[in-house]
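Visitor: Chains as they are written, first to last, in our numbering: chain A, 1 to 228; chain B, 1 to 537.
No incorrect hints appear here.
Once the Cα atoms are required to be at most 20 Å apart in a straight line, the calculated PhoX-like pairs of lysine-lysine come out as:
#1 B:332 / B:297
#2 A:64 / B:260
#3 B:8 / B:50
#4 A:64 / B:113
No lab work stands behind these hints, which were simulated from the structure alone.
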Amino acid sequence: MDFSDILASSIHDIKNSLGLILNDLDELIANPANHLANPRQASLLQHEAQRANSNLIQLLNLYKLGTAELVARIAEQNLDEFLDEVVAENQALCQALNLDLSATSDPDLIGYFDTDLIHGVLNSTIGNARRYARERILLSAETVDDYLVIRVEDDGSGFPGKLPQWLPDDNEPARNLTDPTSDPSRTRLGLYFAARIAQMHKTPERTGRIRLANGHTLTGGCFELWLP
Amino acid sequence: MAEEFSQKQCLVIDDFSDMRAAIRSILRSLGVNHIDQARDGNDAIAQMAKKRFDVVLCDYNLGPGKDGQQVLEEARHRQLIGIDCIFIMVTAENTREMVMSAAEYAPDSYLSKPFTKELLKNRLDKLFERKAHLAPVNKALVAKDYGTAIGELDQLIAASPKNLADLLKLKTEICLAANRYDEAMTVYEQVLAAREIAWARLGMGKVLYLKKHYAKAQEMFRQLIALDPNLIAASDWLARTQTALQQFAEAEETVRSAVKLSPRGLKRQQMLGELALSNGNSQEAEIAFGHAVTLAKHSVLNHPSLFANLARSKSSNNKHVEALKVIGEIGKVFSNTPEATFYKATATATVKQQQGDREGALEALQTAEAAIARFGEASHATLSLEMVKTYAQLGEQDKAAALLQKAIANNHDDEEFLMNVVQACREAGVEYDTETAIREIQQDVVKTNNLGVRLIKQGEFDAALELLHEAAEDMPGNKTINLNAAKASIMKMEKLGTTNEDIQLVRRYIGRVHALAPNDWRLNDVISRLRTLAPKV
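Bound-form chain A, shown alone (with noise of 0.2 Å):
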């Protein structure tokens, strides 16, 4: 065994430790009897332990993708069921937060991917978007030139840099998405596995990329997934 199964080993156990903590915590609020007086400091807990949750799952995927034992299992996929999905699980979180998530697409819109590892890239983005949001995170998807393209907006202070940003980027090679000081605001790594995740579908002609954005319908920044 080297190190790095030790690291995923050990990933694997804090992240079910996790994944217990989180559901005492949803009890606890849930549960009239529980009295707190500052019920939204039980909220950020939850919310920053769902991030570090999220964060674990893609670092063990991370750790897959490294040998090769990670695979995209492409499956034919409703849109509208699949969105209302990812929603149904960040909802009470976004609403405890005084958030509002919703979701939008096309109700026969269909799309051919991981359901999985997509579902995986939107709660962590959804996770990032509850620290910028102020009022309102959006995710929607439409085809745009054949690609199918999910999108998470928020209605906070936007992404920083030059926009838009493809992720890869051919001209730019990954150099800025593994350095993670070069851009402290938000985490690259969680951008790099979106990447990774999106490059996985293909077709014999086109590659699934990431694109960052300002200002699509909201105010805020736009991540979207275009995915073939």
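Here the structure of chain A is known, so what remains is to put chain B in place on it, guided by the hints.
Guide: Showing chain B alone in chain A's frame:
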């Protein structure tokens, strides 16, 4: 929705008590009142045997003993859960690939840990809705009435619902089970016209295989593997196709690489062992059967033949003492079922023969003969084949040939079994021109069958009956002949009225086929026609 969940019976299976408590509290918060818990696979199976559950939430990783996949396998295999039961496999990201590569017995849904109560509610709502939606289809499937199932499904498909892709996939699966290959092909073509989708391409390959276009099927499976080497089902089918083409060395190579990708598949290890043994690679065979025996330990699919083959491989590698020890395990694991007794005897005969203990070998052979006789006329083809191998290995070539002839006649239209015959004869060194024999016997049986069918069509029922009856008594294990004999009687009765004697005869034919292959796609039609004629019996 809360009332909807309140009456549901739920079972939570996890080896970790904190996790069980967490899931239970999530279920409670959704309004579920009836929650049972199990801490391991055996506990879970025991509970499912006692009570019908609507929802089973099962963790894949259950510590020592059965894993979640084996729990699902056993529950479905022993029909402890009905087709309406929702089985959700709870996975962690480190078990994802393991779970996904299990080809047969897929759960209704996967949930990755940790999940929130909202997600579970959303998923359960959807699954209940789907099950309700599919209820008429499932009802027909339980009755093995494939025609009605496809008809019901077509109605659902016509409304093009959100889960259209799932419905189309289900339709192709039913079409394949009902031998309606062309209909399945149409669906695959329709799906592939919109986009390249692995399951549809794989399905096309399956149809090509089933229609015996082996070369084309092989090319299709190869292409699929080239596109995605992790698509284990494509490797499995490629190996079957290569076996059909008698490319045994290539088939072994294909299975070997599939086993590397997914070492936990029992059937795959078994297939590797069988191919290796008949290709003369007894070292490889020993390893593969060793894995198979270990994997099967907690599985409902555990079988004495795995031990017999492990012993045979060990003996080929001159490890006779170890081989006899493995044979000794059979009695302990399977107590003394007739099958266990039989395999114990055949394996013992082979090992003793290889050890040079002729007397011991012959004694074991007698035990095997007595054991197989207890199965009566409907003894399964695989048992006969095992017996053939044993005869050949003990030098009893005449007995081997006679039994082989019978086995071929009983299964003249089962290509996969006939390929097993060829393989077994290579392995055991049967001195018999298997392929010529197969061809000649096939021609004979087909001739009789066709003549019978023609006589039925011409309305010469008595002549048809006489011919087919004689053939059926000659080949009691031949499903096609017995079904056609049943059909001849039924058509005669439909025209000329029923007699008690004819009804008994038909039931006898149907009983034979049912004992051999309860899922045979042709059975439903014959049974329902008999019911129309004789509703009371």
